[in-house]
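**Student:** If you want the building blocks of each chain, they are given just below.
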Amino acid sequence: MSRKQKNELIRIVCCLVAFLVLLVTDKCLSGGLAGAVGGKYGWLLPFALYLAVYIAIGYDVLWRAFRGILRGQMLDENFLMCIATLGAFALAIYTGASGLAPEGFDEGCAVLIFYQVGEFFQDYATGRSRRSISALMDIRPDTAHVVREGVAVTVDPAEVQPGEIISVLPGEKVPLDGVVTKGASSLDTRALTGESLPREISEGDAVVSGSVNVTSALEVRVEKAFYDSTVSKILDLVENAAEQKSKAENFITKFARWYTPAVVAAALLLAVIPGAVTGDWQEWVYRALSFLVVSCPCALVISVPLTFFAGIGAASKLGILIKGSNYLEKFDKANTFVFDKTGTLTKGNFAVVKVSPESDRERILALAATAERGSSHPIARSVAAAYGKETHADYTLTNRAGEGVVAEKDGSRILAGNEKLMRAFGVEFIPEDGAGTVIYVAENGAFVGSLLVADELRSETAEVVGELNAMGCRTVMLTGDNERIAANIAGKAGVTDFKASLLPQDKVAEVEKALAAQGKKDVLCFVGDGINDAPVLMRSDIGIAMGGVGSDAAIEASDIVLMRDDLKGIPVAKRIARKTMCVVYENIWFSILVKVAILILSAVGIAGMWLAVFGDVGVAVIAILNAMRVGSRRSVERAKRAKPAF
Amino acid sequence: MKKTFRMQDLDCANCAAKMERAVASIDGVQNVSVSFVMQRMTVEADEERFDEIMKEAAKKCRRIEPDCRIVL
Chain A
1 MSRKQKNELI RIVCCLVAFL VLLVTDKCLS GGLAGAVGGK YGWLLPFALY
51 LAVYIAIGYD VLWRAFRGIL RGQMLDENFL MCIATLGAFA LAIYTGASGL
101 APEGFDEGCA VLIFYQVGEF FQDYATGRSR RSISALMDIR PDTAHVVREG
151 VAVTVDPAEV QPGEIISVLP GEKVPLDGVV TKGASSLDTR ALTGESLPRE
201 ISEGDAVVSG SVNVTSALEV RVEKAFYDST VSKILDLVEN AAEQKSKAEN
251 FITKFARWYT PAVVAAALLL AVIPGAVTGD WQEWVYRALS FLVVSCPCAL
301 VISVPLTFFA GIGAASKLGI LIKGSNYLEK FDKANTFVFD KTGTLTKGNF
351 AVVKVSPESD RERILALAAT AERGSSHPIA RSVAAAYGKE THADYTLTNR
401 AGEGVVAEKD GSRILAGNEK LMRAFGVEFI PEDGAGTVIY VAENGAFVGS
451 LLVADELRSE TAEVVGELNA MGCRTVMLTG DNERIAANIA GKAGVTDFKA
501 SLLPQDKVAE VEKALAAQGK KDVLCFVGDG INDAPVLMRS DIGIAMGGVG
551 SDAAIEASDI VLMRDDLKGI PVAKRIARKT MCVVYENIWF SILVKVAILI
601 LSAVGIAGMW LAVFGDVGVA VIAILNAMRV GSRRSVERAK RAKPAF
Chain B
1 MKKTFRMQDL DCANCAAKME RAVASIDGVQ NVSVSFVMQR MTVEADEERF
51 DEIMKEAAKK CRRIEPDCRI VL
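Protein chains in written order, with the numbering used here: chain A, 1 to 646; chain B, 1 to 72.
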């Protein structure tokens, strides 16, 4: 709580206590405070006492109202509150002066006190949410130690040029994106990705700004200026997230615009027409004043953006960046997910998935690795990785384009390649039908076995796709592979549909076709790894990029960024969106209904000013608490784990 | 040109909405968004007249909420 807030709280509590003491004495004495003095001017005592409390709690409201009038802001909430409360006082003076027991001083006071309670609460709640976002802003590095002419100088990160060497001490944040040139350490990337396990890094590895160096000092060659670094991009994105307004927010703004004038007009009519007809001016003016108490749409205007804000904040705690509340709103309705295959549904790296016959595994791998050792092709590397041992370096390797490799040494000859190579050398082989690339291996003219190399499915793919399907979403896979391989992978991943044999540029056309075919309420998401699919990410309703850390293109082109290279972020984000939208609609309906109910009850004379102010402040407090629920730790934990309940 | 400004002491959500409306009505403003939660205003307006427009915007905002200041 800030100093200003503390002072405000003390003022409210003091006034509230004074008011309660006054109220109890007034109500307990027979004839009230006015009766205690008695006589024609008895009403002056309660008037003076209540007025003192009134001024103590409301001097700032009165002052703002006065300033508002001078500036021509007639429908200002301060002004309307003053009219309502001063009106109540005026009615009380009127009854008091006409010799009856004065009633209404307490109400005038109470309205202003509770109005201030509501204001205080709003201020406190928004301050808290704002702080939760600034906690996120903690990733901003303050300084960088740049090594210039052999000496480390501490400067602002913005002053460091790409190519310079910076040193990062343990416990410090990495200020700029770069590559480690000296040292090894572990990095805590929790603030960026929500991942709690530290990442081990050593020489040659890329480091991302905003992560924290945990164990030992590092020297890093800066790759990007501060302005282009990951941390600046993320901060920029989070700060601007509130700029893109959702439909719900726009609705509220429009509603608020008409609400206050409408209520004020209704209050005027209510005071004048029935008053003139029945002649009971006092009663109808009182009812009209109760109207003014609920004339501020604040509960709505504040709780809806606050809810979105909390939703975006909750997502960012889990390493999911959402670029605006409109995307959160849309994502809740998302019902088609189009996935790029390589790098998204699959790990994007090739691996040996099958060796046949399995009994000869070691020998086949050793031969293939020997033959393929000269190549840096991903398939050749996957073979070397599967073998994992030193290979014989003294073979002479001959590459046969489109067929494979021939390795020869002292009359012994290894063949590793596709069926064309086998046929060219007249080797009998057992065909392998698995999906992927097949390498047949032969030694000295005799077939030894075959290797099947394929891109591996991510470990979480099937689970995530299953979850999305269970949520009633359509899942589509796009791939450049041929029909047979695509069908195999689609089956394993569990997607509802797939499109095979696509060239990279066909993906945009494919997404456009789907967009054209879908109904107005359908929302299409494209999930990609951000590498060369920027056009598709931009074209789809919602572009989701994975593994955002370190990939600028992905952060820029997409609407939702999964900072962690993990598909599970999608159902998590979906659950957060669901929860946020539920709370948004709850707040909208609840606030409007309560306000309308108060208006009707006060119009027919059932609700007095007391109920009006309780209702109005109460609904604001409840709506705000409801909004903050979205960002609470419990709700974040639940979004992370829960199985979908719908 | 698009620029973001900090709003100091923006204390009421309804005022933020009113300011947004007031600034949007200024000639030459293409887009404006006032975020109460972030205490920020983003204005997109004609480049040549930007300073003039911002002066007008500051004046309009002061009328709505005298305590609030746009940090230019």
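Source of the hints: derived by calculation from the structure; they are not laboratory data.
The C-beta atom is built at its ideal place from N, Cα and C for all residues, glycine as well.
Be aware that a few hints might be false.
Stated by the list, open to error - Here are the computed lysine-lysine pairs in the DSBU-like style, where the Cα-Cα straight-line distance is at most 30 Å:
id	chain 1	residue 1	chain 2	residue 2
1	B	K55	A	K27
2	A	K224	B	K2
3	A	K333	A	K182
4	A	K354	B	K2
5	A	K333	A	K27
6	A	K420	B	K2
7	A	K521	B	K55
8	A	K492	A	K254
9	B	K59	A	K4
10	A	K492	A	K513
11	A	K247	B	K2
12	B	K3	A	K317
13	A	K247	B	K59
14	A	K330	A	K182
Claimed, not checked - Label pairs and their computed distance ranges (CB to CB):
id	chain 1	residue 1	chain 2	residue 2	range
15	A	T95	B	K2	17 to 27 Å
16	B	V71	A	E637	31 to 41 Å
17	B	K59	A	T496	34 to 44 Å
As the list claims (entries may be wrong) - Some chain A residues judged to face chain B by a derived CB distance under 7 Å, without partners named:
id	residue
18	R67
19	E243
20	N250
21	K254
22	C298
23	F309
**Student:** Hint numbers the structure violates, sorted upward?
**Tutor:** 1, 3, 4, 5, 6, 7, 8, 14, 15, 17, 20 and 21
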